[in-house]
Amino acid sequence: MWSLPISILLVTTILAFPLSRYAAWIMQGKYRAPKFLHWFEAKLNSGPQNWKQYAVSLLVFNTMLFVYGFAVLWLQGWSKLPLNGLHRGMLEPTTIFNSVISFMTNTNLQHYSGDQHLSNFGQIFFCIANQFLSAAVGFCALSAIIRAFRGDPHVGNFFVDMWRVVVYMFVPAALILALIFVQQGMPMTFKAAHVVSTLEPGAMASATSGAQTQQTIVVGPVAAMIPIKMLGTNGGGFYGMNAAHPMENPTVLTNWLTTFAMMIFPFTLVLMYGRMLGRLRHAVVIFSVMMLLMIGTIVWTICFDTMKPNPGLTAHTAAAYQVSDATSSTGKRDVPFPAVAGLPVDQHLGNLEGKEMRFGTSAGATFAAVTVDVTCGAVNCEHDALNPVAAVSPMIGMWLNCVYGGKGVGMINLLLFLILGIFIAGQMVGRTPEYLGKKIGSREVKLALIALLVHPIMILMPTGLFAATNWGLKATSNPGPHGFSQMLYQFSSASANNGSAFDGLGVTYGLNNNPSPSPEAVPWDIATGLVMLFSRYLPIIAPLAMAGYLGAKKSAPFGLGTLRDDTFTFGVLLLGTILIVGALLFLPVAALGPVAEHFGPFPFGG
Amino acid sequence: MNLEIWLPLTFGLGLVSMGLCFLFFYACQKI
Numbered sequence: 004m005w006s007l008p009i010s011i012l013l014v015t016t017i018l019a020f021p022l023s024r025y026a027a028w029i030m031q032g033k034y035r036a037p038k039f040l041h042w043f044e045a046k047l048n049s050g051p052q053n054w055k056q057y058a059v060s061l062l063v064f065n066t067m068l069f070v071y072g073f074a075v076l077w078l079q080g081w082s083k084l085p086l087n088g089l090h091r092g093m094l095e096p097t098t099i100f101n102s103v104i105s106f107m108t109n110t111n112l113q114h115y116s117g118d119q120h121l122s123n124f125g126q127i128f129f130c131i132a133n134q135f136l137s138a139a140v141g142f143c144a145l146s147a148i149i150r151a152f153r154g155d156p157h158v159g160n161f162f163v164d165m166w167r168v169v170v171y172m173f174v175p176a177a178l179i180l181a182l183i184f185v186q187q188g189m190p191m192t193f194k195a196a197h198v199v200s201t202l203e204p205g206a207m208a209s210a211t212s213g214a215q216t217q218q219t220i221v222v223g224p225v226a227a228m229i230p231i232k233m234l235g236t237n238g239g240g241f242y243g244m245n246a247a248h249p250m251e252n253p254t255v256l257t258n259w260l261t262t263f264a265m266m267i268f269p270f271t272l273v274l275m276y277g278r279m280l281g282r283l284r285h286a287v288v289i290f291s292v293m294m295l296l297m298i299g300t301i302v303w304t305i306c307f308d309t310m311k312p313n314p315g316l317t318a319h320t321a322a323a324y325q326v327s328d329a330t331s332s333t334g335k336r337d338v339p340f341p342a343v344a345g346l347p348v349d350q351h352l353g354n355l356e357g358k359e360m361r362f363g364t365s366a367g368a369t370f371a372a373v374t375v376d377v378t379c380g381a382v383n384c385e386h387d388a389l390n391p392v393a394a395v396s397p398m399i400g401m402w403l404n405c406v407y408g409g410k411g412v413g414m415i416n417l418l419l420f421l422i423l424g425i426f427i428a429g430q431m432v433g434r435t436p437e438y439l440g441k442k443i444g445s446r447e448v449k450l451a452l453i454a455l456l457v458h459p460i461m462i463l464m465p466t467g468l469f470a471a472t473n474w475g476l477k478a479t480s481n482p483g484p485h486g487f488s489q490m491l492y493q494f495s496s497a498s499a500n501n502g503s504a505f506d507g508l509g510v511t512y513g514l515n516n517n518p519s520p521s522p523e524a525v526p527w528d529i530a531t532g533l534v535m536l537f538s539r540y541l542p543i544i545a546p547l548a549m550a551g552y553l554g555a556k557k558s559a560p561f562g563l564g565t566l567r568d569d570t571f572t573f574g575v576l577l578l579g580t581i582l583i584v585g586a587l588l589f590l591p592v593a594a595l596g597p598v599a600e601h602f603g604p605f606p607f608g609g
Numbered sequence: 004m005n006l007e008i009w010l011p012l013t014f015g016l017g018l019v020s021m022g023l024c025f026l027f028f029y030a031c032q033k034i
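Protein chains in written order, with our numbering: chain A, 4 to 609; chain B, 4 to 34.
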């Protein structure tokens with residue numbers, strides 16, 4: 004049970020150190036590129052940029068990505084486009100809107116099912132392309148912030164940084180992983196599907212003529228997508244079942260490697276931060292704080308899900324429950340007990356609902372905790388089926404959004420907590436707060452707080468709005484607190500640019516010719532799309548500005564009273580700031596959702 | 004869905020949202 008998380012954490016930590024040295028070497032341009040690659044890089048280099056030019060380049064590039072993605076999905080049904088063997092039509096417009104924003108913001112929240120709604124052309128030219136490019140954006144933003152903190156006259160060139168990240172880091176790593184995945188049995192073909200006769204005759208039912216219906220098994224360039232899906236902490240799967248699908252995650256080895264792949268770059272970038280600043284000890288303190296939080300979330304999820312039974316399957320005394328229901332004529336609705344309540348179900352292996360047993364009992368819980376910590380969003384188990392208290396852990400990972408986090412942006416989010424913590428410490432001892440030898444002024448604190456507050460506002464306000472209207476109430480599939488948790492999780496996932504979900508929420512319209520879409524799909528598409536967009540770019544722009552202003556200040560000499568940032572005390576300060584701010588912001592809403600579900604009285608929650 | 008309304012509407016909404024991000028960028032310089 005514990006060998007999986009322990010082995011993954013150990014190996015990733017060990018490999019992050021040499022990889023961070025390589026990453027710093029690349030991002031500082033100390034490599035000598037081969038001639039043909041150097042030619043491309045020289046063409047992209049529009050010259051050194053200050054933080055303002057860098058931010059504008061980033062926004063313009065992402066706007067172009069939006070236009071490109073919209074065009075690809077809009078044209079999916081066009082007969083002239085290749086690689087559409089299953090003749091997929093166009094997605095519905097708000098699904099296009101949501102999907103384009105989702106992939107360009109590295110969220111990969113999928114209000115569609117890849118194998119049901121996308122052609123292989125879409126998977127390659129929309130999904131994979133966005134997965135490489137969006138993953139590099141956060142990486143570049145962190146690199147610019149580091150150079151700004153160093154006081155460099157320029158923060159680099161956005162386009163050169165993008166090139167370096169994609170060509171020298173993501174592509175080689177993805178290639179190695181893809182070869183292993185192909186060997187392990189992941190499909191890698193341009194073919195759209197295999198049509199097969201099932202082993203059991205009639206398993207797919209029969210046509211009216213009496214002929215056995217064959218099964219259509221969707222395939223495609225899966226092994227090309229999954230490496231960058233994980234390495235880039237994207238999370239968007241080829242198949243709707245994501246990493247629980249036997250062809251997207253065929254073996255125990257691919258499960259281990261996919262978990263490792265989504266952790267390696269977030270881990271590496273924390274250390275790269277220290278190396279580029281010349282303050283590796285400081286980075287190790289930050290790394291340790293994040294490791295403590297990650298171990299906490301993994302242990303929490305395993306203890307409350309893998310080591311506890313599913314409360315819906317444990318015996319309950321027979322009783323009938325009624326819940327309020329605004330759509331019902333009487334204003335109330337009966338909630339039936341699960342049919343199996345009272346049966347002697349052996350649950351010594353813990354909560355197995357929604358789990359892929361071929362990976363082991365704790366794999367689902369481990370993956371769930373890790374995927375939200377690093378804002379990947381891939382899932383190999385059903386998060387909706389996690390025990391209520393266990394489900395708090397993925398939510399905490401998204402709410403804090405700085406437990407390693409996505410590549411680059413997790414470290415940026417932690418810097419916001421760091422600036423806040425240093426500011427509070429400075430107030431407590433009556434000294435001007437300073438970081439990296441630069442005095443933190445009111446402008447830097449304002450920018451840090453604005454960036455910090457975007458995330459809770461983007462979660463709490465829409466959740467409240469949808470919970471109070473039919474947009475949310477008619478979309479949930481469970482009554483009471485669990486339904487609230489579904490809504491809360493969706494907006495938390497969108498705001499954290501995570502992309503996982505409590506499936507069960509009716510948010511899918513899918514293809515434009517869908518005869519029976521989810522009734523509330525359109526408001527969910529638009530709302531989560533806007534949340535993903537603003538929660539991605541505002542917390543990148545404000546810290547860039549903060550770093551630009553801070554870096555331009557004169558360095559103050561290190562003195563006896565300077566707060567050291569490479570000590571245990573600093574680590575405790577940072578951890579305390581993260582936990583207290585996080586708790587203040589999100590404890591109330593946690594009480595309304597998963598905690599209320601745990602304490603009952605519904606059969607699904609104890 | 005009526006594509007002639009919804010497609011340009013959603014496309015425009017995305018561009019307007021990116022425009023708001025640009026506005027935010029300018030606002031950060033005023034702080």
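What the hints contain is simulated information worked out from the structure, not anything from laboratory work. Incorrect hints may appear among the rest.
In silico lysine-lysine, DSSO-like type, Cα no more than 27 Å apart, as pairs [unchecked claim]: (1) A:K335 with A:K441; (2) B:K33 with A:K46; (3) A:K335 with A:K55; (4) A:K311 with A:K449; (5) A:K556 with A:K335; (6) A:K556 with A:K477; (7) A:K38 with B:K33; (8) A:K477 with A:K83; (9) A:K442 with A:K335; (10) A:K55 with A:K38; (11) A:K477 with A:K55; (12) A:K55 with A:K557; (13) B:K33 with A:K441; (14) A:K83 with A:K194; (15) A:K335 with A:K449; (16) B:K33 with A:K83; (17) A:K449 with B:K33; (18) A:K55 with B:K33.
What the simulated footprint calls covered on chain B by chain A, stretch by stretch (three residues with Cβ under 8 Å from a Cβ of chain A suffice, anywhere in the stretch; the number is not a length) [unchecked claim]: (19) 6-16; (20) 22-29.
Label pairs and their calculated CB-CB ranges [stated by the list, open to error]: (21) A:I460 with B:F25: 15 to 25 Å; (22) A:I427 with B:L26: 25 to 35 Å; (23) B:L26 with A:A208: 31 to 41 Å; (24) B:N5 with A:V185: 18 to 28 Å; (25) A:E203 with B:F25: 55 to 65 Å; (26) B:L26 with A:D349: 53 to 63 Å.
C-beta atoms are modelled at their ideal positions from N, C-alpha and C, and glycine is treated no differently.
Verification of the hints:
1. A:K335 with A:K441: Given that 27 Å is the threshold and the Cα spacing comes to 60 Å, the pair is violated.
2. B:K33 with A:K46: The given pair, whose Cα atoms are some 34 Å apart, is violated under the 27 Å limit.
3. A:K335 with A:K55: Outside the cut-off at roughly 56 Å; violated.
4. A:K311 with A:K449: With a Cα-Cα distance of about 44 Å, the restraint between K311 of chain A and K449 of chain A is violated, given a limit of 27 Å.
5. A:K556 with A:K335: Outside the cut-off at roughly 63 Å; violated.
6. A:K556 with A:K477: Violated, at about 53 Å.
7. A:K38 with B:K33: Violated - the C-alpha atoms of K33 of chain B and K38 of chain A are around 44 Å apart, more than 27 Å.
8. A:K477 with A:K83: violated (39 Å)
9. A:K442 with A:K335: violated (59 Å)
10. A:K55 with A:K38: violated (31 Å)
11. A:K477 with A:K55: violated (44 Å)
12. A:K55 with A:K557: holds (20 Å)
13. B:K33 with A:K441: Holds: K33 of chain B and K441 of chain A sit about 21 Å apart, inside 27 Å.
14. A:K83 with A:K194: holds (17 Å)
15. A:K335 with A:K449: Outside the cut-off at roughly 47 Å; violated.
16. B:K33 with A:K83: The given pair, whose Cα atoms are some 49 Å apart, is violated under the 27 Å limit.
17. A:K449 with B:K33: Cα-Cα ~11 Å, so holds.
18. A:K55 with B:K33: holds (13 Å)
19. 6-16: holds (count 7)
20. 22-29: holds (count 5)
21. A:I460 with B:F25: 15 to 25 Å: holds (20 Å)
22. A:I427 with B:L26: 25 to 35 Å: holds (30 Å)
23. B:L26 with A:A208: 31 to 41 Å: violated (56 Å)
24. B:N5 with A:V185: 18 to 28 Å: violated (44 Å)
25. A:E203 with B:F25: 55 to 65 Å: holds (58 Å)
26. B:L26 with A:D349: 53 to 63 Å: holds (59 Å)
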